[in-house]
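Residues per chain, in single letters:
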Amino acid sequence: MSDDSYISIQNVQKYFGSFCAIENISMDIAHGEFFSLLGASGCGKTTLLRMLAGFESPTKGEIFIDNQPMSDVPPHYRPVNMVFQSYAIFPHLNVHDNIAYGLRKRKLPKAKVTEMVDEMLNLISLPDYGNRKANELSGGQRQRIALARALILRPKVLLLDEPLGALDKQLREQMQLELRQLQRTVGITFVFVTHDQEEAMTLSDRIAVMADGEVMQLDTPIGLYERPVNRKVASFIGTMNFFDGVVADEAGETLKIEAQGLGPITAPANPSNKAGFYKGDKVQVAIRPEKLVLSAQKPDAAFAASGRVQNMAYLGERSHYLIEMDGLDKHVAVSSQNLVPGASLFEMGSDVWINWQSDAVVVLERN
Amino acid sequence: MSTDSYINRPNRPLQVYALIFLIVLYLPILFLPLFSFNDSIYVRFPMQGFTVQWYYDLMARSAVWAALMNSVKVGVAVSIVSTVLGIFAAKAITRYRFFGKEPIVIFIMLPLVVPLIIFGVALLVLFAQLLGVPLSLYTVAFGHLILCIPFSTAVLMPRFEGFDPAIEEASADLGENAWWTFWRVTFPMILPGVVASLLLCFTVSFDEFIMAFFLTGTDATLPMYIWGQLRFPQQFPSVLALSSLVIIGSFIIVLLGLWINRDADMTKTKAGTDA
Ligand SMILES: Nc1ncnc2c1ncn2[C@@H]1O[C@H](COP(=O)(O)OP(=O)(O)OP(=O)(O)O)[C@@H](O)[C@H]1O
Ligand SMILES: [Mg+2]
Chain A
1 MSDDSYISIQ NVQKYFGSFC AIENISMDIA HGEFFSLLGA SGCGKTTLLR
51 MLAGFESPTK GEIFIDNQPM SDVPPHYRPV NMVFQSYAIF PHLNVHDNIA
101 YGLRKRKLPK AKVTEMVDEM LNLISLPDYG NRKANELSGG QRQRIALARA
151 LILRPKVLLL DEPLGALDKQ LREQMQLELR QLQRTVGITF VFVTHDQEEA
201 MTLSDRIAVM ADGEVMQLDT PIGLYERPVN RKVASFIGTM NFFDGVVADE
251 AGETLKIEAQ GLGPITAPAN PSNKAGFYKG DKVQVAIRPE KLVLSAQKPD
301 AAFAASGRVQ NMAYLGERSH YLIEMDGLDK HVAVSSQNLV PGASLFEMGS
351 DVWINWQSDA VVVLERN
Chain B
1 MSTDSYINRP NRPLQVYALI FLIVLYLPIL FLPLFSFNDS IYVRFPMQGF
51 TVQWYYDLMA RSAVWAALMN SVKVGVAVSI VSTVLGIFAA KAITRYRFFG
101 KEPIVIFIML PLVVPLIIFG VALLVLFAQL LGVPLSLYTV AFGHLILCIP
151 FSTAVLMPRF EGFDPAIEEA SADLGENAWW TFWRVTFPMI LPGVVASLLL
201 CFTVSFDEFI MAFFLTGTDA TLPMYIWGQL RFPQQFPSVL ALSSLVIIGS
251 FIIVLLGLWI NRDADMTKTK AGTDA
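These protein sequences, in sequence, are chains A and B.
Those letters in the first sequence? Residues 1 to 367, by our numbering.
Those letters in the second sequence? Residues 1 to 275, by our numbering.
Any given hint might turn out to be false.
[What the hints assert, rightly or not] To give a feel for the contact side, a few chain A residues facing chain B, derived at Cβ under 8 Å:
hint, residue
1, Phe55
2, Pro75
3, His76
4, Ser86
5, Phe90
6, His92
7, Asn94
8, Lys105
9, Leu108
10, Pro109
11, Leu153
12, Phe242
13, Gly276
14, Tyr278
15, Lys330
These are calculated hints, taken from the structure and not from any lab test.
None of these values were measured; they are calculated from a predicted model.
All residues carry an ideal CB built from backbone N, CA and C; glycine is no exception.
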């Protein structure tokens with residue numbers, strides 16, 4: 001456990017019968033951090049969140065919140081509040097009573113409660129909705145009420161299970177901004193579940209990428225994007241080109257690799273991969289589409305390869321190309337920014353060169 | 001009628017069938033109030049003229065009131081206890097997985113299909129022979145309870161199935177323990193089922209004869225009293241009057257129950273479609 005860790009998950013495992021939903025996860029979440037759990041449907045995000053809230057108990061391992069072991073603490077005594085994936089709005093109460101639900105124990109005067117609720121309604125941009133019945137609300141409105149209901153208690157940790165899933169793009173982006181701002185001003189630790197990598201990247205301080213009940217990589221958004229540890233993470237976050245290769249030589253911080261379709265190249269030894277690579281290892285070489293530069297003539301660059309424009313899509317600020325490489329049976333995606341109007345556009349079928357910097361290359365294990 | 005879909009189109013034979021069905025079902029019952037106003041102690045046509053004398057007779061007889069009070073006492077107690085037990089049973093069946101659940105469910109529902117006379121005899125043997133408990137309204141109530149629990153459970157189960165367990169979890173998450181969660185969330189959500197269960201159990205207990213026949217001590221319930229009066233021909237018109245009142249009372253209770261549940265079903269489907 002590191003010093004500033006507020007939530008500490010230690011060797012937690014969760015079985016439903018013989019089905020393993022969470023496979024030995026350990027991680028620390030710092031105080032005031034915006035922490036995201038990112039992963040495809042069914043990878044165990046909700047299960048992990050429910051263990052933090054106390055609705056499921058780990059089969060093995062222990063969860064600490066604020067240095068207190070949580071295994072014997074029931075949900076209603078935990079310093080966390082949750083926004084449920086299914087909203088779980090109380091259907092027999094109106095909006096005001098839903099939001100004020102958790103305040104009963106504080107025994108506040110009625111006027112104070114109303115004031116707090118109104119403040120929350122403004123925050124979620126639903127003023128004057130206090131008297132609405134819960135079943136007179138849209139999915140997005142329910143989600144925001146679920147959020148307000150948890151936030152009004154000023155919890156130390158807010159657990160959010162895909163809280164923006166039902167919102168349209170505009171409202172979603174607005175809520176993302178507000179969430180982030182709120183989290184900074186109030187200083188609540190957020191544990192945020194999402195399967196939307198863009199959302200996770202925009203909001204989070206750190207992200208745990210999960211698959212099949214395991215954390216594959218826990219890193220900052222930059223770390224995940226620039227130094228993915230395996231092919232799954234690399235293709236889950238953004239787009240990535242992969243090439244097969246063999247390590248020709250290892251020399252300290254750089255690797256020499258013979259890559260299919262690219263020729264002999266050098267790459268930084270991936271710092272987030274602890275294992276390291278040795279001469280003769282079969283590896284995968286990964287390069288992001290925007291790190292590849294297109295040119296019509298053979299460029300004056302250390303690393304370049306030639307090909308043909310097979311497909312092209314103009315998206316305004318940038319264009320996406322699919323390049324058919326010489327000596328490679330698959331296409332390479334290239335994304336180039338359109339800085340000068342019309343300047344860097346390449347016709348379909350035209351011959352092009354791609355070039356890249358050595359530090360744009362990520363070396364991954366091949367399996 | 002062009003807006004009707006195929007399935008909703010009026011169906012003449014079906015309407016006729018429904019009409020005949022209702023007549024066969026309710027005509028015998030309608031004879032009771034009809035002859036309760038007949039100015040003769042014999043139930044036969046032609047009728048002898050209108051009178052409310054039998055109703056006056058009824059009012060004057062204290063045994064009727066005693067029997068009525070006994071039935072109400074048993075009915076109220078049985079409906080409350082049965083509903084409370086039904087809440088536990090329905091919640092356990094719908095919410096938890098436990099060993100031997102299916103057999104237990106069948107066991108709870110058994111009184112619906114086992115002939116009552118068998119239960120009556122069995123309980124009589126149990127109380128009178130084995131335990132030596134004197135027969136009284138308590139033993140009657142116990143018999144009725146066995147009969148009513150399956151009704152309560154069956155009425156309450158859809159209520160629990162109808163709402164997301166996450167709603168109770170949300171309450172716990174917002175700081176309420178199990179007790180407060182029940183009163184602030186669970187109970188209001190199942191309330192229509194609770195009311196329906198209370199009304200249903202009350203009517204079942206109020207009308208019940210076979211169990212009462214075996215288990216009544218000295219205090220008769222209303223059906224037992226009515227049965228006892230049938231031996232005296234001159235009492236028969238008052239029995240008709242009493243039965244008419246019971247029919248009207250039951251009718252009101254059933255309508256009330258239907259009305260409450262209709263309201264509940266509407267909110268439920270509404271919540272279901274846009275959730
Ligand atoms: N109560 C349960 N009993 C048995 N299996 C369960 C239970 N809850 C979850 N699972 C299983 O555990 C796995 C992880 O479920 P979980 O709900 O955590 O996924 P998730 O990552 O939240 O997915 P989504 O993005 O679809 O919400 C799934 O395969 C699911 O079927
Ligand atoms: Mg989930």
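Hints versus structure:
no.: 1; hint: Phe55; verdict: 6 Å, holds
no.: 2; hint: Pro75; verdict: 4 Å, holds
no.: 3; hint: His76; verdict: 5 Å, holds
no.: 4; hint: Ser86; verdict: 5 Å, holds
no.: 5; hint: Phe90; verdict: 6 Å, holds
no.: 6; hint: His92; verdict: 5 Å, holds
no.: 7; hint: Asn94; verdict: 13 Å, violated
no.: 8; hint: Lys105; verdict: 6 Å, holds
no.: 9; hint: Leu108; verdict: 14 Å, violated
no.: 10; hint: Pro109; verdict: 19 Å, violated
no.: 11; hint: Leu153; verdict: 7 Å, holds
no.: 12; hint: Phe242; verdict: 41 Å, violated
no.: 13; hint: Gly276; verdict: 45 Å, violated
no.: 14; hint: Tyr278; verdict: 51 Å, violated
no.: 15; hint: Lys330; verdict: 45 Å, violated
Consistency note: the structure conflicts with the earlier hints numbered 7, 9, 10, 12, 13, 14, 15.
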